[in-house]
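A.B. asks: Note that the protein sequences, when read in sequence, are chains U and X.
Sequential numbering from 0 applies to the first sequence in numbering that gives the first Met the number 0.
Sequential numbering from 0 applies to the second sequence in numbering that gives the first Met the number 0.
Calculated directly from the structure, the hints in this document are not laboratory data.
As the structure is a computational prediction, the values presented were derived from the model and not from experiment.
Check before you lean on any hint, since a few could be wrong.
[Unchecked claim] Partner residues aside, some chain X positions facing chain U, computed with beta carbon under 7 Å:
{"no.": "1", "residue": "Gln-15"}
{"no.": "2", "residue": "Arg-20"}
{"no.": "3", "residue": "Ala-25"}
{"no.": "4", "residue": "Val-30"}
{"no.": "5", "residue": "Ile-40"}
[As the list claims (entries may be wrong)] Selected chain X positions facing chain U (in silico; Cβ < 7 Å):
{"no.": "6", "residue": "Leu-21"}
{"no.": "7", "residue": "Arg-22"}
{"no.": "8", "residue": "Asn-23"}
{"no.": "9", "residue": "Leu-36"}
{"no.": "10", "residue": "Pro-47"}
Note that CB positions come from ideal geometry on N, CA and C, so glycine has one too.
The chain contents come next:
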Amino acid sequence: MSLATDNSAFSPAAAESAYLAGPREFFSLLKPRVMSLVILTALAGILIAPHGVHPVVGFAALTAIAIGAGASGALNMWWDADIDARMARTRLRAVPSGLIAPREALGFGLTLSFLSVMSLALIANMLAAALLAFTIFYYVVIYTIWLKRLTPQNIVIGGAAGALPPIVGCAAASGSVSLDSIWLFAIIFMWTPPHFWALALVKARDYERVGVPMMPNVKGADRTRLEILVYSLLLAPLGLVPWFTGVGGWLYGVAALGLGLGFCVHAVRVYLVRDGLDANKRAMALFGFSIFYLFSLFGLLVIEHGFGLLARWGL
Amino acid sequence: MSAVSSDPTGGLTPAQLRNRRLRNIAIGLAVAFLAALFYAITIVKMAPGLILKGAS
Numbered sequence: 000m001s002l003a004t005d006n007s008a009f010s011p012a013a014a015e016s017a018y019l020a021g022p023r024e025f026f027s028l029l030k031p032r033v034m035s036l037v038i039l040t041a042l043a044g045i046l047i048a049p050h051g052v053h054p055v056v057g058f059a060a061l062t063a064i065a066i067g068a069g070a071s072g073a074l075n076m077w078w079d080a081d082i083d084a085r086m087a088r089t090r091l092r093a094v095p096s097g098l099i100a101p102r103e104a105l106g107f108g109l110t111l112s113f114l115s116v117m118s119l120a121l122i123a124n125m126l127a128a129a130l131l132a133f134t135i136f137y138y139v140v141i142y143t144i145w146l147k148r149l150t151p152q153n154i155v156i157g158g159a160a161g162a163l164p165p166i167v168g169c170a171a172a173s174g175s176v177s178l179d180s181i182w183l184f185a186i187i188f189m190w191t192p193p194h195f196w197a198l199a200l201v202k203a204r205d206y207e208r209v210g211v212p213m214m215p216n217v218k219g220a221d222r223t224r225l226e227i228l229v230y231s232l233l234l235a236p237l238g239l240v241p242w243f244t245g246v247g248g249w250l251y252g253v254a255a256l257g258l259g260l261g262f263c264v265h266a267v268r269v270y271l272v273r274d275g276l277d278a279n280k281r282a283m284a285l286f287g288f289s290i291f292y293l294f295s296l297f298g299l300l301v302i303e304h305g306f307g308l309l310a311r312w313g314l
Numbered sequence: 000m001s002a003v004s005s006d007p008t009g010g011l012t013p014a015q016l017r018n019r020r021l022r023n024i025a026i027g028l029a030v031a032f033l034a035a036l037f038y039a040i041t042i043v044k045m046a047p048g049l050i051l052k053g054a055s
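All chains should be built: construct the whole structure from the sequences, respecting the hints.
C.D. replies: The following block contains the structure:
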């Protein structure tokens, strides 16, 4: 929600929506799909922690981190309601469609932020709680409020917020930040630009109409394709690091190699095919593959470490 | 002093009343879940091996 933007397009309906929205609409404020990725990456951070953690504490910490991620999503939707209302991809969200009033989304987000940070402090430790609070602050204030409408590097810098959950998870489980969790942070950080820019290539007009300076509508589609390729070429070897450090097993290593190559092939196709509907298809194919890539890598880490823990607990 | 409305629905439509009821149920379930979770954590912090042997 920009201070300089007229919000009247959705405010009257929102003002009457005190009891219009049900639990489903409030749940949608949490950005469930983003939250699922946060849960997976934070779980990987918990499982690779040096000392291990009691499963009940690990589950509770993961719940708190997930709620914190959802709170960030709600606050993001509160602030961005004005541009969401004018973009095809987001205009049906609960706030711009008038189902939830902006003040309700704000209150919901702040309440969950407070609840998640305080809970993590009680469940795990102060370091994890401080890191979760920083993640929420970074996503909402640094990315959403400040950078998103200021610079085409918004995704690059703002991507750090989405990359922090493995570090928060590791801190919750062990009380410290391990080098392994920093490598996982680096993978998500490097993955974010090609993931978002692939979508931005297709939705460039939408972003341009609402004045969000995404890479394709500021530097151009060709420059964006080049940057996607560069980030992808850097990401592929980075994905192998957990294998080299011993955090990932053979299953992870083989998958990281294959998926990294696949990521680069998709990026090369996006770089080469620049015109027509086929160009959009290639970009959306990379977007879809990037989600599969991250879910697969972190899913395999969870499986490899999860089986080890189950054996340790005698289950 | 304004008169107190005799309308028990507060002027809300049936859909709004239904959504309010669903929201109340959701909040109740969330509070119950958190209470159970914090109860379990309290037990685990007092006696880590009670729920699952071998867990630290």
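A.B. asks: Work down the list of hints and note, for each, if the structure agrees.
C.D. replies: Structure-based check of each hint:
1. Gln-15: 4 Å, holds
2. Arg-20: 9 Å, violated
3. Ala-25: Interface hint status for Ala-25 of chain X: holds (4 Å vs cutoff 7 Å).
4. Val-30: Given a least distance of 11 Å, the restraint on Val-30 of chain X is violated.
5. Ile-40: It holds, given that the least Cβ distance between Ile-40 of chain X and chain U is near 5 Å, below 7 Å.
6. Leu-21: Holds: closest Cβ of chain U sits about 5 Å from Leu-21 of chain X, inside 7 Å.
7. Arg-22: Constraint on Arg-22 of chain X satisfied, holds at 6 Å.
8. Asn-23: 10 Å, violated
9. Leu-36: 5 Å, holds
10. Pro-47: Where the cut-off is 7 Å and the nearest Cβ of chain U is about 6 Å from Pro-47 of chain X, the hint holds.
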